[in-house]
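A.B. asks: Sequence:
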Amino acid sequence: MMKFSIPKMKCGGCAEAVTAALRKLDAEAPVVVDLANKEVAYGGTVAPEAVLSALAAAGYPATSAQ
Numbered sequence: 001m002m003k004f005s006i007p008k009m010k011c012g013g014c015a016e017a018v019t020a021a022l023r024k025l026d027a028e029a030p031v032v033v034d035l036a037n038k039e040v041a042y043g044g045t046v047a048p049e050a051v052l053s054a055l056a057a058a059g060y061p062a063t064s065a066q
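UniProt numbering numbers the first residue of the sequence shown as 1 and each following residue consecutively.
Careful, some of the hints might be misleading.
Stated by the list, open to error - No farther apart than 35 Å at their CA atoms in a straight line, the calculated lysine-lysine pairs in the DSBU-like style are these:
1. K10 with K24
2. K8 with K24
3. K38 with K3
4. K38 with K8
5. K38 with K10
6. K3 with K24
7. K24 with K38
Simulated from the structure, these hints should not be mistaken for laboratory data.
The structure presented is a predicted model; accordingly, all values stated were derived computationally and were not measured.
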């Protein structure tokens, strides 16, 4: 799974928005949010750049945490 750091993710609503943005890329891919560490793990097969772009478009700019 790919891991991403999302500094702006601060609450449950943020986590839901991040999850929704990633589900648009692949509805079946696993998404694991770690709100305490402001990270998300994504198990989809899309390129990391596509994930970063989707998160930024949702208002949650991210960086790779791997």
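A.B. asks: K8 and K24: Cα distance at most 35 Å?
C.D. replies: This hinted pair holds, its Cα atoms lying about 20 Å apart.
A.B. asks: Does K8 sit within 35 Å of K38, going by the straight-line distance between their CA atoms?
C.D. replies: holds, 8 Å
A.B. asks: Compare the distance between the alpha carbons of K24 and K38 with 35 Å, and conclude whether the hinted pair is satisfied.
C.D. replies: This hinted pair holds, its Cα atoms lying about 20 Å apart.
A.B. asks: Taking 35 Å as the top limit, are the C-alpha atoms of K3 and K24 close enough?
C.D. replies: holds, 17 Å
A.B. asks: Could you grab the alpha-carbon distance between K38 and K3 and see if it respects the 35 Å cut-off?
C.D. replies: Holds, because 11 Å separates the two Cα atoms, which is no more than 35 Å.
A.B. asks: Do the alpha carbons of K10 and K24 lie within 35 Å of each other, as the hint requires?
C.D. replies: Roughly 21 Å separates the two Cα atoms, so the pair holds.
A.B. asks: When you check the alpha-carbon spacing of K38 and K10, does it fall within 35 Å?
C.D. replies: Judged against 35 Å, a Cα distance of about 7 Å means the pair holds.
Taken one by one, the earlier hints all hold for this structure without exception.
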